[in-house]
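Top line first, the protein sequences correspond to chains A and B.
Under numbering that gives the first Met the number 0, residues 0 to 699 are what the first sequence spells out, in order.
Under numbering that gives the first Met the number 0, residues 0 to 599 are what the second sequence spells out, in order.
Hints listed in this document are in silico derivations from the structure and should not be mistaken for laboratory results.
There's no promise every hint is true.
Here are the simulated EDC-like pairs of lysine to aspartate or glutamate, each with C-alpha atoms no more than 16 Å apart in a straight line [what the hints assert, rightly or not]:
hint: 1; chain 1: A; residue 1: K428; chain 2: A; residue 2: E563
hint: 2; chain 1: A; residue 1: K289; chain 2: A; residue 2: E334
hint: 3; chain 1: B; residue 1: K422; chain 2: B; residue 2: E556
hint: 4; chain 1: A; residue 1: K289; chain 2: B; residue 2: D320
hint: 5; chain 1: B; residue 1: K285; chain 2: A; residue 2: E364
hint: 6; chain 1: B; residue 1: K383; chain 2: B; residue 2: D282
hint: 7; chain 1: A; residue 1: K86; chain 2: A; residue 2: E123
hint: 8; chain 1: A; residue 1: K300; chain 2: B; residue 2: E296
hint: 9; chain 1: A; residue 1: K300; chain 2: B; residue 2: D593
hint: 10; chain 1: B; residue 1: K290; chain 2: B; residue 2: E594
hint: 11; chain 1: B; residue 1: K308; chain 2: B; residue 2: E394
hint: 12; chain 1: B; residue 1: K290; chain 2: A; residue 2: D373
hint: 13; chain 1: B; residue 1: K549; chain 2: A; residue 2: E334
hint: 14; chain 1: A; residue 1: K300; chain 2: B; residue 2: D592
hint: 15; chain 1: B; residue 1: K401; chain 2: B; residue 2: D439
hint: 16; chain 1: B; residue 1: K55; chain 2: B; residue 2: E116
hint: 17; chain 1: A; residue 1: K442; chain 2: A; residue 2: E484
hint: 18; chain 1: B; residue 1: K260; chain 2: B; residue 2: E574
hint: 19; chain 1: A; residue 1: K355; chain 2: A; residue 2: D327
hint: 20; chain 1: B; residue 1: K55; chain 2: A; residue 2: D337
hint: 21; chain 1: A; residue 1: K531; chain 2: A; residue 2: D514
hint: 22; chain 1: B; residue 1: K285; chain 2: A; residue 2: E363
hint: 23; chain 1: B; residue 1: K290; chain 2: A; residue 2: D327
hint: 24; chain 1: B; residue 1: K290; chain 2: A; residue 2: E364
hint: 25; chain 1: B; residue 1: K379; chain 2: A; residue 2: D299
hint: 26; chain 1: A; residue 1: K475; chain 2: A; residue 2: D530
hint: 27; chain 1: A; residue 1: K517; chain 2: A; residue 2: D530
hint: 28; chain 1: B; residue 1: K379; chain 2: A; residue 2: D327
hint: 29; chain 1: B; residue 1: K549; chain 2: A; residue 2: D371
hint: 30; chain 1: B; residue 1: K33; chain 2: B; residue 2: E12
hint: 31; chain 1: B; residue 1: K437; chain 2: B; residue 2: E502
hint: 32; chain 1: A; residue 1: K438; chain 2: A; residue 2: D394
hint: 33; chain 1: B; residue 1: K290; chain 2: A; residue 2: E509
hint: 34; chain 1: A; residue 1: K342; chain 2: A; residue 2: D373
hint: 35; chain 1: B; residue 1: K426; chain 2: B; residue 2: D554
hint: 36; chain 1: B; residue 1: K33; chain 2: B; residue 2: D10
hint: 37; chain 1: B; residue 1: K409; chain 2: B; residue 2: E465
hint: 38; chain 1: B; residue 1: K531; chain 2: B; residue 2: D459
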Amino acid sequence: MSDQRVFARYKANEIVTDLQNFGVKKFKSNTTRRKNALRKIIANLTLGNYGEMSLLFSELLKFWQIEDDLEVKRICHEYIRVMGVIKPQQAKEALPFIMDDFKSRDEKLQMMALRTLVLVPLREFSDQAFDCIISLVNHKAPPENVTRMAIYALLDLDEIDHERVLGLSSILHDIVRLQSSPPEVVVAALHSLYSVHEKNANMEAFGISLDLAFNMLELLPELNEWNKATVLEILTTSVVPQHYLDANEMIELALPYLQQVNTYVVLNTLKFIMYLLNYVDVIEESLAEKLSNSVIALLDKPPELQFLVLRNVILLLLSRESSLLRLDISYFFIEYNDPIYIKDTKLECLYLLADKETLPRILEELEQYATDIDIQMSRKSVRAIGNLAVKLDEDSVHDCVAVLLDLLEFGVDYVVQEIMSVFRNILRKYPNNFKKNVKELVKHTEVVQEPESKNAMIWIITQYSDIIPNYLDLFKVFSSNMFNETLEVQFSILNSATKFFIRRPTKETEELCMDLLKGCTDQENNPDLRDKAFMYWRLLSLTKMADTSNTLTFEALKSVIDGELPLIEMNTKLDPTVLEELELNIGTIVSIYLKPVSHIFRLNKTKLLPPSPVLNPNKDLLPVVNNSFSPTGANRNRQNSESQSSTKSRRTAMMDDYDKPAEKINQLKGKRKSSSNNPSKLSRKPSTLLRKLSMKRPFS
Amino acid sequence: MSSSLFILDEDLEPLVSKNIRAIPNLSSILSSFKQCYHRGSPPILSQNGWFFIHLKRDFLHFISVIHATDKPNIDLMSILTFLEQFYHLLKKYFEINVLSKNIILDNVLLVLELVDECIDFGIVQVTDPSIIKDYIRVKVNLPKVPIESDEWSSDDESSDSDSSSEYSDSKKRNKKKNKKKKKKKNGKGKNVGKSKIKSIMVNNKENKGNNVVETVKQTLRSKSNTGRNSPDDELPNDGNDLYINGDIAKTIIMPISWRTKGIHYSKNEFFLDVIERVQYLMDFEKGVIRKNLIHGEIVCRCYLSGMPKLKISINKLLNKDPQFMSNSKFHQCVSLDSINTIEEEGKDSDDSGSQIATDTKEIEFIPPDGEFVLCQYELKRHVKDAPMIKLQAFEVKPKPKKFKIQIVTKIQTNFKPTNSTSKLNIKIPLTKVFQDYKIDLSKQIRFKANLGKVVFNLSDDFLLWEIETMKGHREHNTGTAPQEDNASALASMVAEFPLFNQEEYDRMQEELKTSMNPPPLRTGPKLEELYKQVHEERLPHTHDVAPRDKLVSVDFEIPYCTCSGLKVEYLKVEEPQLQYQSFPWVRYKTISDDEYAYIV
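Next comes chain A alone, as it looks inside the complex (with noise of 0.2 Å):
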């Protein structure tokens, strides 16, 4: 039948009722109905209905005695689970039935019995859980699922009881060690492991012996994919190459994982080689390539891993001077139909890799985007312009301030707007080179509407005004309107007024700054501007009486009001030791932040990177070549002759086959041939028969 009568809130005596239809007759039909308000248990307890639900309980603990059914027993687990935090008291006395559970010999009611005792956060449950770890490690042969999840257990059990879990901390030791368990109990133990250290501030960080990472790295081609991506995260800032060729080796080791479908493992396998990177003398070109490619293939993914990984590709464009990428800028052009989230990022990531080849091209989608009908989109992407015109050198400024007076002249309000903010920037970088445009700049006075551009355009129309004839009139436009400004703005109008004044002390000067101060000092309210003004106003008197007292010359007035303007510069690049730990957590929430892990999780420990004789002391200096060492021909004589007889052994695998000729395949083009016929004569054949009954046999 159909759930959704069953999606509803009830009341806790509805579902009694239900739940006490215990005919001895018709025994099927209450079943079903029985189960049918256990459902609907959980359904009211996905909807929140927990005060209600909680007057169920001794109803449940009757089933839990009685029914032997797997979804039955699921639903009270899951019931325990939910209510065990709400009705700690209550919870208690489930406890017999959920150790009844793990007593039976069915694994998944193991499972399911130890997944409730770790999740009820109390204390006889959690020693129950400990004791059934306990019991399953001693355990000659345990069933595998049960043991890799008791170890997973012990990582919940960790925030519960540090000092137990420690105490159980050998026995994982072991299991990594020797190896000698199935694969994916080793990955668990592994995990637990370093998970326990790293989520502990008092335990020093989790390290592994190289032979055990190299058994490790050889063990991946036998793990499923998460596993896979787990054993990576876990190696990288574990292991410590201790030498170029160690790193080298790993690397090509881990190479191969740049090519799986899950991006999951992707991004850990180029986490772990940008940490190994750090320990090799020389970077190959054709890995600096690999990188990028798998990058590139990367975006091609939904939306949402799509953002994951663009903002990493931010993170990898920003912690070299000259990035170890090569991508093409194609990739991160907007399309209009992408979120806006991913538009941002990648506006951001062509700001990034803006240089002088790339300039031109980069320009042009900018300015096509500009245009856009999404006035967002087009405020950020001029925004974009002007802060590459600021980025970039003297060479590249012309060609961004032309597109700029290009859009200029497609006046849209808001383009405009956006517009004069950028500019300020530029004539802040470049006072000089384009005086000649500022004149065309001003046309645009009455347009502004904005605080920031209006600060702008009098900040503009201030620094110029010896080039302006009439910009007294321009300035009017402000300030006769002052006091319906908001803040900011008035503060710079007030400071352009002064300025005025003092660079050309004329009578239309002194009138227009005197009543400005008056008005700031008589009308207004805020505290901030009336102070400013009295500030001016004093340094203008004090000024005035100078020549008897010398307090303050005039040219002092000058510096302090109308003083020389610093150069600004773009600042893009991070804090180098940021940069290494973010570069450590590719992949991981504060790869979205950019911010170092204590901003964002105050608790958690800083990854850095474990000193070692061959680390690099700076990654900047490290030359990228072009295949003139082979590592490979170095690994050889490493003593891994594991890893050598691997390769020998699928050499002559290959070898083998390439004697054998292809077998040929069946096209599946126009009609079919003669070839789909061939099945039914061969299985008429009596070898083939016989073959067939063979394998009818299970396979054990």
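Chain A is already provided as a structure; the job is to place chain B on it using the hints.
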């Protein structure tokens, strides 16, 4: 490492909630998510110390919640990837293409169980549908009216080309056969299970009576387990659990985690489809190609017994196509170093001059059972590579004297002449035309096309030109213009819209007023009124034309052809123990991506 998982519907109401780390009040968490979520917010949000990682698919939100103090180093990528995989897992499980609220509600318990299976204490373990499907055998509670799913599957079949319908037929038959076989096998399994018990009984007769009782109990329990799978429906595979689960329980742990032991098919077949989606975007006015990409996929369906080892060789690999080598992704079953080490060996052989041939590149793998994607690749095409379907001409010719406007469209194919399209639709936007010109829909619209037919979509303002089959054509190197006789490779279409004629209209009105005749009778739908009706709501006409209204988009499908020229050279199936005869089938298809368009 999530603290809890939610599946929400469109209105952010919870459908499924899974408390992974025993958080007291899940609903409060949900309300803080509602506070910070808005349309188009990035996939990660934080509010009140909670981090929300969410994914929106098919109107459902998949959310994973993490507390800021929870665990170190939140591995965002694992969570996002997991959510994505979980979504696919659900789709596979329910065997539908689009998840809906109702299907989730119908199967809450199943979803919870799947979560339990996929993650242990927040750590992802396995998400491979084929494995979990063996492990969790709860019957999916599908709506009782199975029409929908049937429709979907038939759609799927019909999307295959006509000429390959035979193939699909055979496939269907095979599937049926397989099902039958499975049933048989199940029956057998049951028998075996029983006989096993018997043998145990015999063996233990003297020794341990206890043991026997226990085993019998176990079987009984597992039987009751199968019983609970479908309380009101007898299961065809009754007793199956006992036999299969014994093996399968270990599969997650086994070295080859994606394939179980004991798979058997009477006819061993392997289907391999190479499907290439071509993405192409060209600015037709400026003649600039914006995008020219191929997204390729090798999809396999494996119905092979035992533990077969497959070797596939692809011409791209043989030729060491550097682009393919670097932009391809493989399924987890592929032993990646079989692709990469050979490369190395090739290098070595160059150095040492040994006999190892460099062209033994192949993909080596033990396939999972059933359907899977073996390989995904993305190739960039050169700018000079002509598109598969090329827009030769697109012109809007107003003829004010005749009060008519003509839209002329010509397309040309560019692939092997032996192939032909099985589907070819061209969508021509009219929004701009309707904005720029006053079109009189009361008069007749005329279409002329040398191939296919033209349909006018009134509500969304576009013409759909449907050409079903069109032959391939290769431009010769001489670069001469295509000859006129090669008409099948060049399709042209002219659509003629009447323009509003003020003079005539005035005259008509005048005539109507003065004459006694009733207005001329018109048959057929009155397009102008319909048009008005449809477009009334969007009256505030902005002069900007949305970008998608400027695209002439092409939707096509070409069977037996790969755009990139990828070819499977050979496919070997080896099963050392069983040594059966197997039937590998290979098929190619090129289809248009969602974005195959010309900006005009």
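Evaluated hints:
1. Simply put, A:K428 and A:E563 have alpha-carbon atoms about 12 Å apart, close enough for the 16 Å limit, and the pair holds.
2. Pair hint A:K289 plus A:E334 does not hold up; C-alpha atoms about 26 Å apart against a cutoff of 16 Å.
3. The straight-line distance between the Cα atoms of B:K422 and B:E556 is roughly 5 Å, inside the 16 Å bound, and the hint therefore holds.
4. With a C-alpha separation of about 14 Å, the suggested pair A:K289 and B:D320 falls inside the 16 Å cut-off, and the hint holds.
5. Using a Cα cut-off of 16 Å, the hinted pair B:K285 and A:E364 holds, with the two alpha carbons roughly 14 Å apart.
6. Using a Cα cut-off of 16 Å, the hinted pair B:K383 and B:D282 holds, with the two alpha carbons roughly 14 Å apart.
7. For the hint linking A:K86 to A:E123, the alpha-carbon distance of about 14 Å falls within 16 Å, and the restraint holds.
8. Between A:K300 and B:E296, the direct Cα distance comes to roughly 14 Å. Compliance with the 16 Å bound is thereby established for this hinted pair.
9. Our distance criterion of 16 Å between C-alpha atoms is met by A:K300 and B:D593, whose separation comes to about 15 Å.
10. Between B:K290 and B:E594, the direct Cα distance comes to roughly 9 Å. Compliance with the 16 Å bound is thereby established for this hinted pair.
11. With a C-alpha separation of about 56 Å, the suggested pair B:K308 and B:E394 falls outside the 16 Å cut-off, and the hint is violated.
12. Between the alpha carbons of B:K290 and A:D373 the distance comes to roughly 22 Å, so the proposed pair goes past 16 Å and is violated.
13. A distance of roughly 14 Å separates the Cα atoms of B:K549 and A:E334; the hinted pair therefore holds under the 16 Å criterion.
14. Under the criterion of a C-alpha separation no larger than 16 Å, the hint pairing A:K300 with B:D592 is consistent with the structure, at around 15 Å.
15. Among the hinted pairs, B:K401 with B:D439 is consistent with the structure: their alpha-carbon atoms are about 13 Å apart, no more than 16 Å.
16. A distance of roughly 22 Å separates the Cα atoms of B:K55 and B:E116; the hinted pair therefore is violated under the 16 Å criterion.
17. Distance check on the hinted pair: A:K442 and A:E484 sit about 21 Å apart at the alpha-carbon level, beyond 16 Å; violated.
18. As the CA atoms of B:K260 and B:E574 are separated by approximately 13 Å, the hinted pair is consistent with the 16 Å bound.
19. Restraint check for A:K355 and A:D327: the C-alpha separation of about 14 Å stays at or below 16 Å, so the hint holds.
20. Straight-line distance between C-alpha atoms of B:K55 and A:D337 comes to about 14 Å, which keeps the hinted pair within the 16 Å bound.
21. With a CA separation close to 15 Å, the supplied pair A:K531 and A:D514 stays within the 16 Å bound.
22. For the hint pairing B:K285 with A:E363, the CA-to-CA distance comes to about 14 Å; that is within 16 Å, so the pair holds.
23. Note on B:K290 and A:D327: the hinted pairing holds, with a Cα-Cα distance of about 13 Å set against a maximum of 16 Å.
24. As the CA atoms of B:K290 and A:E364 are separated by approximately 14 Å, the hinted pair is consistent with the 16 Å bound.
25. The hinted pair formed by B:K379 and A:D299 meets the criterion: a straight-line CA distance of about 13 Å does not exceed 16 Å.
26. Among the hinted pairs, A:K475 with A:D530 is inconsistent with the structure: their alpha-carbon atoms are about 23 Å apart, more than 16 Å.
27. Annotation: proposed proximity of A:K517 to A:D530 holds, straight-line Cα distance about 12 Å (limit 16 Å).
28. Restraint check for B:K379 and A:D327: the C-alpha separation of about 12 Å stays at or below 16 Å, so the hint holds.
29. Straight-line distance between C-alpha atoms of B:K549 and A:D371 comes to about 14 Å, which keeps the hinted pair within the 16 Å bound.
30. For the hint linking B:K33 to B:E12, the alpha-carbon distance of about 9 Å falls within 16 Å, and the restraint holds.
31. Restraint check for B:K437 and B:E502: the C-alpha separation of about 14 Å stays at or below 16 Å, so the hint holds.
32. Under the criterion of a C-alpha separation no larger than 16 Å, the hint pairing A:K438 with A:D394 is inconsistent with the structure, at around 22 Å.
33. Using a Cα cut-off of 16 Å, the hinted pair B:K290 and A:E509 is violated, with the two alpha carbons roughly 62 Å apart.
34. The straight-line distance between the Cα atoms of A:K342 and A:D373 is roughly 11 Å, inside the 16 Å bound, and the hint therefore holds.
35. A hinted pair counts as satisfied when its Cα atoms are at most 16 Å apart, and B:K426 with B:D554 qualifies at roughly 8 Å.
36. Restraint check for B:K33 and B:D10: the C-alpha separation of about 9 Å stays at or below 16 Å, so the hint holds.
37. The suggested pairing of B:K409 with B:E465 holds, with an alpha-carbon distance near 13 Å, which does not exceed 16 Å.
38. The hinted pair formed by B:K531 and B:D459 meets the criterion: a straight-line CA distance of about 12 Å does not exceed 16 Å.
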